[in-house]
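As you go down the protein sequences, you meet chains A and B in turn. Quick note on my numbering: the first sequence kicks off at 675 and runs consecutively. Quick note on my numbering: the second sequence kicks off at 203 and runs consecutively.
Hints are computed from structural coordinates only; laboratory data are not their basis. Take these hints with a grain of salt, some might be off.
Between beta-carbon pairs, the in silico distance windows are [stated by the list, open to error]:
hint, chain 1, residue 1, chain 2, residue 2, range
1, A, ILE686, B, LEU284, 33 to 43 Å
2, A, LYS688, B, THR274, 39 to 49 Å
3, A, SER757, B, GLN273, 20 to 30 Å
4, B, VAL285, A, GLN716, 16 to 26 Å
5, B, ASN214, A, HIS759, 32 to 42 Å
6, A, LEU789, B, ALA309, 23 to 33 Å
7, B, TYR241, A, HIS759, 25 to 35 Å
8, A, ASN775, B, THR222, 39 to 49 Å
9, B, GLN312, A, LYS740, 23 to 33 Å
10, A, ASP739, B, ASN214, 43 to 53 Å
11, B, ALA216, A, GLY773, 35 to 45 Å
12, A, GLU726, B, SER282, 20 to 30 Å
Capping the alpha-carbon separation at 27 Å, the derived lysine-lysine pairs in DSSO-like fashion look like this [what the hints assert, rightly or not]:
hint, chain 1, residue 1, chain 2, residue 2
13, A, LYS738, B, LYS271
14, A, LYS715, B, LYS279
15, B, LYS304, B, LYS271
Some chain B residues judged to face chain A by a derived CB distance under 8 Å, without partners named [claimed, not checked]:
hint, residue
16, PHE236
17, GLY245
18, PHE248
19, TYR252
20, ILE253
21, GLY255
22, TYR263
23, LYS271
24, LYS279
25, PHE292
26, LYS304
27, LEU305
28, GLY308
29, GLY310
30, VAL314
Note that beta-carbon positions come from the ideal geometry of N, C-alpha and C, so glycine has one too.
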Amino acid sequence: GAVVSQHPSWVICKSGTSVKIECRSLDFQATTMFWYRQFPKQSLMLMATSNEGSKATYEQGVEKDKFLINHASLTLSTLTVTSAHPEDSSFYICSASVGDNQPQHFGDGTRLSIL
Amino acid sequence: AQSVAQPEDQVNVAEGNPLTVKCTYSVSGNPYLFWYVQYPNRGLQFLLKYITGDNLVKGSYGFEAEFNKSQTSFHLKKPSALVSDSALYFCAVRGTTDSWGKLQFGAGTQVVVTP
C-alpha cells in the first residue's frame, strides 16, 4: 500500500518551455503532498508543501511564480515549471503522507533536462 | 529549528559484515525519526521509523535502528550487509511542534557493499 506515482519520469525540452509534473497517490488520500528538488549526490531540498484545496506553502528562496503547484484533489498534485531554463534542470521528487506521524511515501522522481 | 547530521559521506563494508550508518538530530519537542534508501534515479523508499515506544525499531529488508535520546542519535544497522544494499541512505527528522509533517533530511550517506 501507500504507492505514489510520479509522471513523467524523464523530460528533455527546450529553454522557455513550461513543464508539468504529476504526482498521484494511488491507494490512499493525501491531504498534504510535498515537492522536493535534488541535485546530484545531494540531499533533498524541500520546495513547497501542497495542501488539498488551498495554496501551496513555498520554502524561502523558491519562486512561486516559477514553480506553480496545484493540489486539486486528495490524490493529485501537480508542479509546473514555467518558462524553464537550463538552471532548472534537476531531479524533482514528490511525496505524500497518510497522516501526521506517518512516513512520507515518495514518487520515483522526474529527471528534468532543459537544453 | 530541526536539523539532522549524517557524519559519513560514504560507508564501505564487505558483504556479510555488519553495516552501520550514523545519524544524529536536533529538534523542538519529541522527535519523529525516519530512515529512507534511494537507488539511482529513483525516489526514496521508506525503511523504518521511530515515533514512540521501544528504542529498537525493526524495518524493511533486515534493517533496524536504535533511538538513543541522551545521545540524540538514530543509527541504522544491518547485521549482515548484501551487495544489493549499496545505495544512498537518508535519515530524516520531524519535531512534534512542526506542522504538516515537514521533514528535515540529512545529507545522505552512500553505502558501498563489496562482494
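Discussion item. Going through the numbered hints above, which ones does this structure break? Give me the numbers in ascending order.
Written reply: 3, 8, 12, 13, 19, 21, 22, 23, 24 and 30
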